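Q: Line order of the protein sequences matches chains A and B. Going by my numbering, the first residue of the first sequence is number 1, and it counts up by one from there. Going by my numbering, the first residue of the second sequence is number 1001, and it counts up by one from there.
No lab work stands behind these hints: they were computed from the structure. Don't take every hint at face value.
[Claimed, not checked] Simulated coverage check for chain B against chain A, where a stretch passes if three residues somewhere in it have a Cβ under 8 Å from a Cβ of chain A:
(1) 1002-1011
(2) 1035-1047
(3) 1069-1080
[Claimed, not checked] Straight-line alpha carbon distances no greater than 20 Å define the calculated SDA-like cross-link-like pairs of lysine to any residue that follow:
(4) B:Lys1073 - A:Asp198
(5) B:Lys1038 - A:Arg646
(6) B:Lys1038 - A:His204
(7) B:Lys1038 - A:Asp207
(8) B:Lys1073 - A:Tyr212
(9) B:Lys1073 - A:Val437
(10) A:Lys560 - A:Pro451
(11) B:Lys1076 - A:His204
(12) B:Lys1076 - A:Leu339
(13) B:Lys1076 - A:Thr202
(14) A:Lys426 - A:Val437
(15) B:Lys1073 - A:Thr202
All of these numbers come straight from a predicted model, not from anything done at the bench. All residues carry an ideal CB built from backbone N, CA and C; glycine is no exception.
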Amino acid sequence: MEQDQGLERGKSVFFEEASELLSELEDSLLELEDAPDDQELIGSVFRAMHTIKGSGAMFGFDAVSSFTHEVETVFDLVRAGTIPVTKQLIDLTLAARDQIMAMLDAARSGKPVDDEIADGITSALRTLLPQAGVENETDPGHMAKVDEGVPESSTEEENSYRIRFRPELEIFSTGSNPLHLLNELSELGQCRIIAQTDALPTIHEMDPEACYVYWDIVLTTSKGINAIRDVFIFVEDTSELHIEVIDKPEATGGETETGYKKLGEILVERGDVRPEDLAKALESQKRIGEVLVEQELVNPAKIQSALEEQKYVRTVRKKRKAKGALSSIRVASPKLDQLVNLVGELVTVQARLSQVAVSRNDPQLIFLAEEVERLTGELRENTMSIRMLPIGTTFSKFRRLVRDLARDLGKEVTMTTEGAETELDKTVIEKLNDPLVHLIRNSIDHGIEPPDVREAAGKSREGTVHLSAVHSGAHVLIRISDDGAGIDPEVIRTKAMEKGLISPDMEMTDKEIFSILFTPGFSTAKTVSNVSGRGVGMDVVKTNIESLRGTIDLTSEKGKGTTVTLKLPLTLAIIEGLLARIGDEHYVLPLSTVEECIELASRDGDGAGRRRLANIRGEIIPYIHLREQFRIEGERPDIEQIVVTRVDGDRIGLVVDEVIGEQQTVIKTMGRLCNGLREISGATILGDGTVALILDVPNLIHGAVTG
Amino acid sequence: MSHLIDLQNKGDGNTDRLILSGEITISEARELKDVLLKAIDTVNDLHVNMEGVLETDLSLLQLLCATHRAALKQGKRVKVEGKYPAAVMRVMTEAGYSRREGCVAEARKSCLWIKQEKDKDG
């Protein structure tokens, strides 16, 4: 039973890892398309395939494993330089990658998968193989090979060994080839082999059929010392064989600051130099290797071999250290969501505690409450940062989209990105995917012209879609811009008039005209393609973005291109707010929009109309009286306060009875009944259990100005 | 597979060129040793061309090393002429022969197996 559970858990880890590998694979393939000679990329494609194949077989996904094997075979030949990297190869491998993804999804959900696609890809891949490779199909060893596949990231302990292997002179005549043994050894892990030839006589004295060479080998393997001995099992009795462990995972370079033993130590350990000779050589100030060679205490090859060992172990340790530094754990996202909820509750309780402490006026309690406040704040920050993901992961997904779309539409398009490291809340990133896909499709389908048209217009044949992300206060600005044909405001105007959305005599700015694009059912595409143009879209994009408490803005210049800017909040769960009171009601203003709070001096400018002006340090600032705006009854206090906010570059004041202070605000969404309330973006529960409404400042101001 | 071990004099009486091609393995070791021995005892410079070698093993590397060693003792020179074919490169890698410096003190710079880019100095 337990074993079954273990297997199930293993499977789910495999699914997760495989989908990560597949997305890395996609990135590597796309990069490889631009740099077909990059051996490192070819290697990483091969390794990804190899790992999927191996671990797939381990968990019983034979179909995945054998299909992946086909691709791996091809990439093995690519790695060897037998097959060149071509567009066709990349296309096929990308298709194969999608197929593996589909197979894994099918395996997870238990649904059948279309084998025909896999067969198609397999046979297409085989045509790339050199003629002899076709035999693969009937190769009986082929499936057996699949089973051997071991995941590359072995979790077993890897040790490094120093091996000296000196075969007997007659080894060739016994039928053993020492090179075969060395090859077998190098299959155990990463290794460095150095031949020692000092025993070799001159040609006059030599027996041409004897083996005079012996070897120093440094090997890193997880297989253990017995596996190494097994390699030499048939020659062990007649050869000299020394195996020593020189590095273990727990060793981190205590020997010297630079990470491994000194040259002299290695030579003495190996028995190549006598300790007393070393001591003598160390007396001189020159480099120890030089001295030893000069005094003919050791030959250069021995020094070189020891130096290689030193270098090798240092590299192994460095890699291990880097691996350790990157270590992370996997957490299921529901657990994280729950944590955020709990932190939210905690923040609410903490606010309550602070309030109680202040009202009791108990210094001890106040001190405690302040401590709790500080810790809660840190906890909140930390929890939020766990949820933050760089947007680059989403960006890189679009490279594939751009590539495939451009190919389907016969256009040449490159995608450039900027600010991929910008972090956003996980939920925001997830919900951002669909709108971004839509906007990119629009850019490529409607924006970027076919290559010939571009050329005729004096542009480069290749169009560019640029994705950028940048932090701006508590928001992230995401821009999708293209250098395509742009949007002609007149076309939209005409179309809008046809549809009766506007009347012919309406005076409109370009910005207003562009905003028609976000009206449900509006599309200017002359033909409906399967990419875009069905008229569902921009309005959905807008709704999606607004549900994320974001805004969308479009600018375009005819002939030059279009830019869509999305402004999104960093997080959806908790904001820093400013708590204010009007009568008995409490309101929260997002602190990100607040610039300053000032007392509203007497009742200056107390005239008719909702919009008034206040003189703040010589600057005239219009303000909105919220008590009037929300029609709250009761007497206005003698001294009111004005909260100055900045929206879209304009400073506008909001007048409240009293500003209470800053507060971490857990946002609770409001029910459907309140959907129509544009001025309110949500609600929060205050320390004393009452509800405060969170104001949507831009909408509030917009409503007050136009209403 | 057939093999060719062909020793030619370059005309000045002091330089020999040894052309090796095909399969040069342990089975050819005795024949090759005799040719090398004769060359190193008669001329001052021996140029070895292995471009045509298709299959080989450790014995070839050992023989060339031993010849080189003998040459050094007598103040003569041995060098590899032309490219190292894939078969030789493979054995060099497998046997851990590729190196940055010669193995014995006298051959530090002139070693036959020093990485290709330095061949010209060797």
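Q: Decide, hint by hint, whether the structure agrees.
A: Right, here's what the structure says about each hint:
no., hint, verdict
1, 1002-1011, "violated (count 0)"
2, 1035-1047, "holds (count 3)"
3, 1069-1080, "holds (count 3)"
4, B:Lys1073 - A:Asp198, "holds, 15 Å"
5, B:Lys1038 - A:Arg646, "violated, 95 Å"
6, B:Lys1038 - A:His204, "holds, 10 Å"
7, B:Lys1038 - A:Asp207, "holds, 15 Å"
8, B:Lys1073 - A:Tyr212, "holds, 19 Å"
9, B:Lys1073 - A:Val437, "violated, 75 Å"
10, A:Lys560 - A:Pro451, "holds, 15 Å"
11, B:Lys1076 - A:His204, "holds, 15 Å"
12, B:Lys1076 - A:Leu339, "violated, 80 Å"
13, B:Lys1076 - A:Thr202, "holds, 13 Å"
14, A:Lys426 - A:Val437, "holds, 17 Å"
15, B:Lys1073 - A:Thr202, "holds, 9 Å"
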